[in-house]
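**Q** Listed below are the residues making up each chain.
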Amino acid sequence: MTLHPILAALRRHKAGVVLIALQIALTLAIVCNAIFIIGQRVQRIQRPTGMDENNLFMVTQLWVGAPTGDDRASIDKLDAMLRTDVATLRNLPDVESASTVNSLPLINSSWVNGVGLKPKQEHSTASAAFYFGDEQMLHTMGLQLVAGRAFTSADTQNRGFRDKDDPSIIIVTKALADKLFPKGDAVGKSVYLSDNTSPATIVGVVARLQVPSVQSWAKEFVWYSVLEPVRLDATFSRYLVRAKPGRLDAAMKSARAALFAANPMRVIDDSAEQNGIRTFADLRANAYKADRGMAILMSVICVILLAVTGAGIVGLTSFWVGQRHKQIGVRRALGARKIDILRYFQTENLLIAGGGAIGGIILAVGLNLWLIQRYEMDRMPVLYVLAGVAVVLALGQAAVFAPARRAANVPPVVATRTV
Amino acid sequence: MFRYYLDLALRSLKRSKGLTALMILTIAFGVAASMTTWSVFRAVSGDPIPWKSSKLYVPQIDMWGPSARGTDTSAPNYGDPPDAIDYNDAVALMRDHRASLQSALYQVSPSVVPDRPGTHPINVNGHAVFSEFFPMVDVPFQYGSAWNAADDERRAEVAVISGNLNDKVFGGGNNVGKTLNIEGRDYRVVGVLGKWDPQLKFYDVVNTGGFTDQEDLFLPFNTAIAAAMPNNGNTNCNESPKQPGFVGLQQSSCVWIAYMAQLDDEAAAARFKDYLTGFARSRYSQWPANVRLRGLMSWLDYEHVVPSDTKVSLLVALGLLIVCLVNTAGLLLAKFLRRSGEIGVRRALGASRAAIYAQFLTEGGMIGFAGGVLGLLLTGLGVAAVGVVLPRQIASLARVDVSLLLTTMVVAVAASLLASLYPTFRASRVQPAWQLKSN
Numbered sequence: 001m002t003l004h005p006i007l008a009a010l011r012r013h014k015a016g017v018v019l020i021a022l023q024i025a026l027t028l029a030i031v032c033n034a035i036f037i038i039g040q041r042v043q044r045i046q047r048p049t050g051m052d053e054n055n056l057f058m059v060t061q062l063w064v065g066a067p068t069g070d071d072r073a074s075i076d077k078l079d080a081m082l083r084t085d086v087a088t089l090r091n092l093p094d095v096e097s098a099s100t101v102n103s104l105p106l107i108n109s110s111w112v113n114g115v116g117l118k119p120k121q122e123h124s125t126a127s128a129a130f131y132f133g134d135e136q137m138l139h140t141m142g143l144q145l146v147a148g149r150a151f152t153s154a155d156t157q158n159r160g161f162r163d164k165d166d167p168s169i170i171i172v173t174k175a176l177a178d179k180l181f182p183k184g185d186a187v188g189k190s191v192y193l194s195d196n197t198s199p200a201t202i203v204g205v206v207a208r209l210q211v212p213s214v215q216s217w218a219k220e221f222v223w224y225s226v227l228e229p230v231r232l233d234a235t236f237s238r239y240l241v242r243a244k245p246g247r248l249d250a251a252m253k254s255a256r257a258a259l260f261a262a263n264p265m266r267v268i269d270d271s272a273e274q275n276g277i278r279t280f281a282d283l284r285a286n287a288y289k290a291d292r293g294m295a296i297l298m299s300v301i302c303v304i305l306l307a308v309t310g311a312g313i314v315g316l317t318s319f320w321v322g323q324r325h326k327q328i329g330v331r332r333a334l335g336a337r338k339i340d341i342l343r344y345f346q347t348e349n350l351l352i353a354g355g356g357a358i359g360g361i362i363l364a365v366g367l368n369l370w371l372i373q374r375y376e377m378d379r380m381p382v383l384y385v386l387a388g389v390a391v392v393l394a395l396g397q398a399a400v401f402a403p404a405r406r407a408a409n410v411p412p413v414v415a416t417r418t419v
Numbered sequence: 001m002f003r004y005y006l007d008l009a010l011r012s013l014k015r016s017k018g019l020t021a022l023m024i025l026t027i028a029f030g031v032a033a034s035m036t037t038w039s040v041f042r043a044v045s046g047d048p049i050p051w052k053s054s055k056l057y058v059p060q061i062d063m064w065g066p067s068a069r070g071t072d073t074s075a076p077n078y079g080d081p082p083d084a085i086d087y088n089d090a091v092a093l094m095r096d097h098r099a100s101l102q103s104a105l106y107q108v109s110p111s112v113v114p115d116r117p118g119t120h121p122i123n124v125n126g127h128a129v130f131s132e133f134f135p136m137v138d139v140p141f142q143y144g145s146a147w148n149a150a151d152d153e154r155r156a157e158v159a160v161i162s163g164n165l166n167d168k169v170f171g172g173g174n175n176v177g178k179t180l181n182i183e184g185r186d187y188r189v190v191g192v193l194g195k196w197d198p199q200l201k202f203y204d205v206v207n208t209g210g211f212t213d214q215e216d217l218f219l220p221f222n223t224a225i226a227a228a229m230p231n232n233g234n235t236n237c238n239e240s241p242k243q244p245g246f247v248g249l250q251q252s253s254c255v256w257i258a259y260m261a262q263l264d265d266e267a268a269a270a271r272f273k274d275y276l277t278g279f280a281r282s283r284y285s286q287w288p289a290n291v292r293l294r295g296l297m298s299w300l301d302y303e304h305v306v307p308s309d310t311k312v313s314l315l316v317a318l319g320l321l322i323v324c325l326v327n328t329a330g331l332l333l334a335k336f337l338r339r340s341g342e343i344g345v346r347r348a349l350g351a352s353r354a355a356i357y358a359q360f361l362t363e364g365g366m367i368g369f370a371g372g373v374l375g376l377l378l379t380g381l382g383v384a385a386v387g388v389v390l391p392r393q394i395a396s397l398a399r400v401d402v403s404l405l406l407t408t409m410v411v412a413v414a415a416s417l418l419a420s421l422y423p424t425f426r427a428s429r430v431q432p433a434w435q436l437k438s439n
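Chains A and B, in that order, are what the protein sequence lines are.
The numbering of the first sequence is this note's numbering, which starts it at 1 and goes up by one.
The numbering of the second sequence is this note's numbering, which starts it at 1 and goes up by one.
Worth double-checking, as some hints may not be accurate.
Stated by the list, open to error - Below are the DSBU-like pairs computed for lysine-lysine, each with C-alpha atoms no more than 30 Å apart in a straight line: (1) 17/B with 338/A; (2) 14/B with 311/B; (3) 242/B with 120/A.
To be verified - Reference excerpt, derived from the structure (chain A facing chain B, CB under 8 Å, subset only): (4) 294; (5) 297; (6) 398.
Read the hints as simulated data drawn from the structure, not as lab findings.
Heads up, the beta-carbon is just placed ideally off N, CA and C, and yes, glycines get one too.
Based on the provided sequences and hints, a complete structural model is requested.
**A** Encoded structure:
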C-alpha cells in the first residue's frame, strides 16, 4: 500500500490532523513525566530501612515535672527513670526486646553531624545521622552486622541530651564505611566528629540503616548512619520495642499500661493522629504519605489523559469514517478488500500518532528539563520516553480499531447510491 | 435570539449523544483535575495574614562567618546567613527594639497537668514569645488579653492559652486569673485565644516546618528561658556548645530562635536593614556584615513552605486541562463541519457570519456549562479524596467554597468557548453556494 492517498486525504483535514497530533504530543509529554514521577516515588516508598520492620513499635513519652537534665545529678536521675522504663518494657510477656533510641528511620527527627578522618578537619568527609541507644539497639532494630562486633552492656554509657557528643566507639553503616574507607577496612579505624579532637573507633559495620529524614535536605546521606552505645537523658524519651511474633497488638496495649503503672507522671499521647505508641508500619505509611499521594495523583491523571486522548481519536476517526462513507464504498466496489480499508485507517492513525510522538518526545524532554530546573526533579531516563511513545502508538491503534472496522464493513453497494 | 440558539444547540447535542457525552466528560475531568489540585495549591500558597503580610519581616544575620559555608558554591542560597538566630543576637535585637513591634520566639512543648481529677497530664505545643507578638500577628482574644512589656521584663509566670486547651484543662468558660500547672510550675492565665488557628505557622516556619497542628500555649520568652524550658524545634550548630545543657545552648552560636518584626512602610524597612547591617558589623567584625531582611511572603517562598509536589501536581493537572481543550476542539471541529449543509442553508437564507458565531459559540458554551456542572461534582469528590492521598495538615486546608465553585464553572465555560473558537471560525467560513450545490 502506498502512503500517497493517505497523505493526500490528510491534507484535506489539516486542522483535525494537527489537533490529534498535538493532543498525542502533549499526552506523551505529560504521561512519560508522570510515569517517571510514579516510578521514582514507588522506588522511594519501597526501599527498605535496613531494620527488620515486622513486629516493631515505638513509644514516645514525656515525663512531667522531671529534672531538666542540665547538671550531673539531674542527668543521673533521668537516666534511672529511663532504665526503669526499658526494664518495664523488657519484662512484658509479649516483648522480645526493647531499647532506648533517640530516633528511628523515617520519623524525621534527626541528629546530624559531620564525620572526618582528621581532628578539626575543616570540611567533614561525610554528613551522617546519629542513633543513640543502649546495647540492645542493634538487636531490637534487627540490623545485620557485616563486620566487627555489636555493642555490649559494658560499652553503654549515658549523657545529657544537650551534652557534647564525644564517643569512643561507634558502629557505622556499610555505605558510610565505604565512603570513609574505600578499601573496606573500616573496622578498627578512627574517625573524628566535626570539631572533636578525640577519635571514635569504628568497632562494627552494619549492612544498611536509613537516616531519620526522608526530606530532600538529607538526600545526600540517606544511608550514612552512625550508632552510638549511649542512653540520651532528657525530659522525654523514645523506646523501640520488638514484640514477639504475632503479639504486636497485645504488646502495645500492655506497654502503655505498664509504663503508666511504673510512673503515672508522664504523657503518652493517645489521640488518633498523634499517638505516643505507634507501630513501625504506621510510621512508615505516615512518612511516605505524600509520596504515595503523588503517585496516586499522577496515576489518576495518566489514566484520565489516556482515556481522553483515546476517546478523542475514536470520535474524530468516526467522524472521518462517516464523512468518507461514500468514498469507502467506491473503493470497495473497485475491488479493495475489507482488510485494505482497515489497514488504511490504521496506517493513517500511525502516521498522525507518529508525527505527534516526535513532537511529544521533544516536549517530554523539555518538560523534564524544566522540572529539573524548577523543582529538583531528577533526569528522566530515555527508556521512559520510549515506553511513552510505545504507549501512545498502541493507544492510537487501539482507539482507531473500532471506527476502522466499521469503515471496513461499509458495503460496496454504497457506491451506487446518491448520498 | 439567544433562546433560539439554545434550542438549536440542544437539538444538535441530542442528535449525537455519544459525541456530546464525550465532550462533556472531557471538559468535566479536565476541569475537576485542575480544580482539585488548585484547591490544594491555593490552600498552601495563600497569604496567611493578607491584611498585614506586607508589614511583617524576618531578619537573618550571619553569625557563623564564611568558614561555615561549605565547599559547594553552586548550592542554592550559598552564602546566605542561617535561617534562625542564636540566643545572644535575639536578646540584643530585642533590647535595641528598633521595629514598631517585634518578637523573638522559640517553640516549646511542655506538659500540662489538668486540674480535674482522673485525667492524665497532656503534652501541649506552643511558643515562647514577647508580648508584642500578639498585636503584631493580630491574635484574637476571647477572654482577657496578652501580657505586657513589664511582664516580659520581670519574667512573670503568665500564660496565654488557646480555646482548645481552655476546654481541655478547665472545661471551657472564662478562666482568666486561674492558674495552670506547666512542667510543675504555676502560671496565671491572662488570656484565652479566640478562634485563631493559622494552619501555616507563618511566625515560625523554620521550627514548625510550616503546616502543623494547632498551638495551644504561649508563654513569655524570658520566663520560659528562666524556667529552663527547652526548645522543641530545630537546633543548628556550626560548632558544639562549650557548656552542656540548655544554658550552654544559650551561650553558644547555635541557632534555634525565630524572629519577626513589624515595619510599617518601605522606609522603615530600609532603616531597619541599615540598623541590621550595623548590628552585624559591630558584633561580627571578623567578616563583612552579611544580613537579609525578607518580607513575610518572600520569606515563606525562600523557606519553600509550599511543597514542590503541590506545584508539580498543579502543573500536570493544567497540562491535562490543555489536552482536554485540544480534544474538545477536535471533536467540535468534526461536529460543526458535519453540519456544513445546515450552515450553508442558514447562510443562504441571510444569516450573517456573526449569527453563525453566536449559534456555535452557544453550543460550545452549553457543553462547557454541562461539563462544569459535572466538573463541580468531580471536584467535590476530588477535594474529599485529597485527605486520602495527602498529609493531614495539608489536606485539611483544601476546601470547597463559593470561590472554588465559581472558578470551576468559569474555567469550564471559558475552556470550552476557547475550544470552540477555531471550529466556529471554520463553520463561519463555510461557503453557502458550494454546500447548496453539492447537495
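**Q** Tell me, which hint numbers fail for this structure?
**A** The structure conflicts with hints 2 and 6, although it agrees with all the remaining ones.
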